[in-house]
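Protein chains: 4
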Amino acid sequence: MKYSFKNDYAEGAHPKILQALTETNMLQSDGYGLDSFSEHAKSILYKHINFPQAQVHFLVGGTQTNLIALSSFLRPHEAVIAVSSGHILVHETGAIEATGHKILSTKGKEGKIYIPELEALLKEHSDEHMVKPRLVYISNASEIGTIYSKEELETLYRFCKDQNLLLYMDGARLGAALTAHGNNLSLSDIAASVDAFYIGGTKNGALFGEALVISNPSLQKDFRFFIKQKGGLLAKGRLLAIQFLTLFQDNLFFDLAKHGNTMAGKIQKELKDLGFSFFIESPTNQIFPIFPKTLIEELEKDYGFYVWEDVSASEAAVRLVTSWATKEDAVKSFIKAVQKSSTYNLKK
Amino acid sequence: MKYSFKNDYAEGAHPKILQALTETNMLQSDGYGLDSFSEHAKSILYKHINFPQAQVHFLVGGTQTNLIALSSFLRPHEAVIAVSSGHILVHETGAIEATGHKILSTKGKEGKIYIPELEALLKEHSDEHMVKPRLVYISNASEIGTIYSKEELETLYRFCKDQNLLLYMDGARLGAALTAHGNNLSLSDIAASVDAFYIGGTKNGALFGEALVISNPSLQKDFRFFIKQKGGLLAKGRLLAIQFLTLFQDNLFFDLAKHGNTMAGKIQKELKDLGFSFFIESPTNQIFPIFPKTLIEELEKDYGFYVWEDVSASEAAVRLVTSWATKEDAVKSFIKAVQKSSTYNLKK
Amino acid sequence: MKYSFKNDYAEGAHPKILQALTETNMLQSDGYGLDSFSEHAKSILYKHINFPQAQVHFLVGGTQTNLIALSSFLRPHEAVIAVSSGHILVHETGAIEATGHKILSTKGKEGKIYIPELEALLKEHSDEHMVKPRLVYISNASEIGTIYSKEELETLYRFCKDQNLLLYMDGARLGAALTAHGNNLSLSDIAASVDAFYIGGTKNGALFGEALVISNPSLQKDFRFFIKQKGGLLAKGRLLAIQFLTLFQDNLFFDLAKHGNTMAGKIQKELKDLGFSFFIESPTNQIFPIFPKTLIEELEKDYGFYVWEDVSASEAAVRLVTSWATKEDAVKSFIKAVQKSSTYNLKK
Amino acid sequence: MKYSFKNDYAEGAHPKILQALTETNMLQSDGYGLDSFSEHAKSILYKHINFPQAQVHFLVGGTQTNLIALSSFLRPHEAVIAVSSGHILVHETGAIEATGHKILSTKGKEGKIYIPELEALLKEHSDEHMVKPRLVYISNASEIGTIYSKEELETLYRFCKDQNLLLYMDGARLGAALTAHGNNLSLSDIAASVDAFYIGGTKNGALFGEALVISNPSLQKDFRFFIKQKGGLLAKGRLLAIQFLTLFQDNLFFDLAKHGNTMAGKIQKELKDLGFSFFIESPTNQIFPIFPKTLIEELEKDYGFYVWEDVSASEAAVRLVTSWATKEDAVKSFIKAVQKSSTYNLKK
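Protein chains in written order, with numbering that gives the first Met the number 0: chain R, 0 to 347; chain F, 0 to 347; chain Y, 0 to 347; chain E, 0 to 347.
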C-alpha cells in the first residue's frame, strides 16, 4: 500500500474526537444544532474569536459553507471576485454560479488577491449591463500554500470597506495558516478584518466540519434558514459541536496544524538541501517541489501525490500535502526514496 | 432531565458504528467516496437491493438528498407532486423551490399519495402556461407513520410510467416502514417500483447518512457532479460507507428499526387499552395519541414530545417518536405516568 | 371567422399608439430606456401617481414584471403568499419558483386575499425549517374580475406593515379595476398603499408594456440590474415610453378601460335579464355567466371564449372578456345569439 | 443634436414594419404566438433555413433569447464556453449565471473561438469537482465585427460533435455577417452547422424581436414552457411574427443589413485613405478606427460613439456603428469632420 501525501483528509479523525463522540454518544440532545454541546462549543470559539458581534454556525464541509454563505450574503446581481486559482472558481463544480452568482476572476499574486487588479476590475464594471462586484473571496492558507500577513489582510479589508465590498475568507486550511512560520494573524485579528470566514475542521483533524464565523452583523439575519434550505442543517448537530469542542478547548486545533506544517517543512528543507527548486515558497502543509519526471514515476510506486503542472518537458511540480496524521517515519522514508533515486542526476 | 420522545435522532449512533469508525480511523483512504470502504458498502447494498441497473450514492442528510436528487432529475419547467404533509413541501425551507422547481400539493389519503388526485392534477396542467408535473414524491414511512403496501406501490409506479412521471421515495424512515407490522415490501421490491429512493441512516442508528438508490439508468448520468455542486460530496466519504457497511452487513439496520417499531407499538397498545384514541393508525415508530390538554401539560414535565395539532378545545394529538435507542424502561415509565394522571378521567 | 371574447389582447394597439410610434420613428434616441421619451413618460406617470418617492420602470409583459420584481425584492428563503387563483401561482409556469421562491397558497375570498388566512399562515411558519413568508401578492382586478376597495387595500397594507410583509399588486388589469363601478381607488391611493404595483398596458390598448411602480425606496436599489439580468431591458426602450405617454397624457388609459367595462356590463345586464346566473359578480371586463352546456356548444360556433369550470353536469361557467377594442355590435349580436338559442329553456 | 454612431438600435423600425403592424392592427388573433401570422412567418423562415428538423421561436430580445435557450439546453452542472469578449460573458449582467450555469472564458482570436483553446479547456475539466463544459457560444458577427466563414463554422461544428459539445450562435448581428464582404455562409448553412442560433431583428430594422432557430431536435422539447417561465412569451405574439414576415418575405432583412455594412465600409475606406489604422479589420457594421484623443474630443461635439479602448497615451480605438437607418449624408459629414480637424497632423 502506498503512503499518501495526496491530501490532508486521508485518515479519519484525531483519536480524541472519536473518544469524545463515544463518551457522549448515548446522551439525548435536541436536533439541528439547538443542543447544549453546540452552545458550549460556540462559547469556547467566541473566546478565541474575541469579537463580540460575531456569530458562529457549524457546517459539514467547505463547498457547502462557501455556497451557503455567499448565496445568503449577496443579492442576485452581485458577483464574487476571486483569484484564478481560487477553490470556488475551479474546484467546486460551479457551486456559486449554481446559486446564481458570477465569479469574476483575477490573476492574483502568489495565490493571493492583488489590490491593483481589484481596482481595475471595479473600474470596468460600471453599469447595469454588467454584474456588480460585491464580495472578495480569499483563501488562507491559499490554494498554493501561501498566507496573508496581518498587514496585508488589514489593507485589503480597508480597501474593501472603501469600495463597498464584502471580504470573505475560506479557511479550509486556516489552521495551517495560523501556525505557519511567518504568520502574525490570530483568529481574533481575522474576525476583525473580514466580514465572514470559516475555520476548517475537515482538513485539520475532524471527521468533518467547518465553523463559519460571521463578523458583520448585517449578514447574520435568518442565516439558519439558508443552512436548512441548502441541505446543510445536520440533524445531529451535536456531532459538529463535539468535534469543535475537542479541537478548541485545549488548543488541539493549533497543535495538529503545527504538526502538519512541521512535516511539510522537513520535506521542503531536505529537498532544498538536495538541490531541488520549488514552484512556490509555501510555509504551510502543502509544498510544491519541482521534480524530474523520471523521479516522479519512481516515487509514484510507493507514494501518493498529485502532479501539479509541467514546468518543462522533463520536469513537473508536484504537490505534497502533510497533515496532523502524517508520520515522521513516512517523511524520512520519502526523503530517502528521493535521495536514492536522484542522487546521481543531481550531483552533476 | 426529560426523556425525549421528540424524534429518532436524539442520541449519537449505534455503538457498533462508532466502533467501526474507531477501528478504521487511522487507515488512509482516497477522498470523496472513491475509497475501498465505499466500494465495499455499495457491494453489500447492491445485494440487498438486487436490481442490477441500480446505482448507489451516499449522502449526508435527507434534505440534501432530496434536493440533489430532484434538481438533477428534473428540467427547469418540471414540477414535483407531493401530499400536503410531504416533508419537502413543508419542512425543508423551500429547498426544492430554491433549485427552481415548483411543488404541486395534493391532499392525499392518510399521508399517502392518492391516484385520483394525481389524475385530476395532470388534467389541469395542460399547457405551457403551467408547470409540467413530472415527479411524484412519496415518503415511506409517511410523515404520519403510515406505510405503502407492495400492491399500492406497484399500482402507483405503473400509473406513473403510463403518465410519464418519475416516482421518488423519501426513505428517511424506510427502516421503520420495512419492519412494520403489515409491511410486505423489501428493498428489492422498492428498487423495482420506483425511479429512485433513499435508505435513511440518520433516523435509524447512524451518526448521519442516507443511501440514495437510483434505479432508473436515465437518471444516473453525471450524478456526482450534482452532489459536488450542491455541497454534498463529503471529503471523508468513507465515513458514510463505514456506517452503511455496519448497518447492512449483519442486518443491524433492520434490527434497529424493528426495535423502534416495537417500542412505539407497546405505547400504542397500552394507550388503547387505557381508552385513548389516535389521530392516525400508525404501524411504525411515530404514533399520534389524542390526549386531554391537561394530561399533555403534566406529561411535558418529564417527557419531550411535540403537540401535533388540536383535535378539540380540550384535546390535542401529540406525536411520540421511538427509535433504535429507546429504552424499554422509558416506555414503561411513560405509560405509568399516563395511567397515574389520567386514570380517573378515563374510567368513566 | 369567430368573434373573440377570449381575452383583452386579441387586437394590436389603440390607433393613437401606432400613430405615435410612427411619428417618432426615425428620431434617434439612446437605448435601454435612457432616452428622453422615457423621461417624459415617467414624468407624466409621476403626476398621476403623486407619490414622491416612487420609482417607475417600463417592462414588456406581466410575467416578466412579476418575476423581476419579486426576485429582486426577496432574499432566497423568503416566500410569496397568493390566493389559489393567483396568476403567478397557476399561469406563469413556475416563473417565481424558477427564481428560487416558494409561493404559499391561500384559499382567498372572491379571488382576493383574506386576512384571517394570512394570520393562520404566518402562525404556522414559525422556524427555519419552513420558508419565511415575506410578500403578499394580490391582483387588481383579480383573476375573476373582482376589485379591492380603498378600505380593503389600506387595511391589508396596515396588516402587512405590522407583520413585516411586503405588499405587491399585479395590475395587469388595473385599468379595468380603476374604472369599474364601485371602485374608489386612484393610482395615487395605490402607490401609497402597496410596496410596489404595476400598471398594465398589454391588456389595455398597448402593443405591449407594463409600468412597474416601486413605492418603497428600500426596494429600488439597483433595479435596472435585475431587469437586464432577467432579459427584460428592451434595447429600444422608447417603444415602451411612447406607448405609456400616449396612454397617460390625455387619460386614454382610463377611457379605454372604461369602454371594456361598459361592454362587459352590457352583456352581464342582458344575461341577467334573460335569467342567467353568474359564477361571480364582476364589475370589470371579465364576466363569468353560467350557461347550459348545449348553449355553450352553439355559441362556440360563432364566438371564442373559455369554459371556466363545470358548475353541474349540464352547466358550466364561461369567461367572457371584453376590452378597449370590443365592438358594441359584437356585444349585441352575442346577446341575440344567446336569446335565440336559449329562449325556450329559460322561459320555463 | 448629435448624430449617433453609437449603435444600430437608435431609430424605431423600418417604415414597412410599422405599416404592416398598422394594416393588421384591428384583426383579432390568438395570443402567445399561436396565431396565423406566426404560422405564416415561420413558414417563410423555414424556406430560408431549409433544414427540415429546425424549429423556430420568436422572442423579444437578445439577452432574453440567450438565457432562455441556454438554460433550457443545459443540465445544472453543464457550463458554457465563450470568448472573453462574448456578449453573454460581459454585457448581460450575469444572466446565464443567474440561471445557474458557469461560463468558461477563453481568449479567442479576433473575437472568435479558437479550437486549440477549446481543446486545452476540455482537457483541464476532467472530473466532478469542476463544471462540465457543454455548450460553445459564438457570435456572428462577433462583438468586434468579425465573421465566421463556412469552413470555420463547419470545422468548429465537427469538433463540437466529436467532443459532445453543443454549438450555439448569437446572431444579434447575423444580418450584417451574412451580407458582409467575404461571407460565404447562408442561413441554411448555419442551420446545418450549429445546434441553435438566432436571427437578430432588433439590430436590423425591427422594433424588437429575434428568431431563435433550434436545429437539434433533442433541444426542442417543451421549449415554449421555458419561454413562458422566463417571462418571454409575448401576449401579442403576432407583433413578432408580423415583423419577421415583413423582413423576410422580400429579402428586406438582407437589404437593410447590406446598407449598414456599406455605410461602415465607406467610413472605413475613407479613414484608411486618410491614413488611420484600425483596432481590428471588420467587414460588418461595427468598425474600430484608432484616433488621436484630440480628434475624439472634437468629433464628440457633433457625433455620438463609444471609445472602445486606449491604444496609447495619445490614441484610442473608437467604435462606430452604422445600420439600416444610417444616412449617407451623415457618413459624408462625419468624414469631412475628420478631414477638417486632422488634416494637418496626418499629412506629416
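What the hints contain is simulated information worked out from the structure, not anything from laboratory work. Hints are supplied without guarantee of correctness; some may be wrong.
If several chains are the same, the list does not tell them apart, and a pair holds so long as it fits within one copy or across any two.
Capping the alpha-carbon separation at 30 angstroms, the derived lysine-lysine pairs in DSSO-like fashion look like this [stated by the list, open to error]:
#1 K326 <-> K1
#2 K15 <-> K257
#3 K257 <-> K271
#4 K108 <-> K271
A quick note: this is a predicted structure, and the numbers were derived from the prediction, not measured.
Each hint tested on the structure:
1. K326 <-> K1: within (13 angstroms within a copy, 46 angstroms between copies)
2. K15 <-> K257: The answer is within: 17 angstroms in one copy meets 30 angstroms, while 33 angstroms across copies does not.
3. K257 <-> K271: within (21 angstroms within a copy, 62 angstroms between copies)
4. K108 <-> K271: Intra 23 angstroms, inter 42 angstroms, cutoff 30 angstroms: intra-copy only.
In summary, the structure agrees with every hint in the numbered list given earlier.
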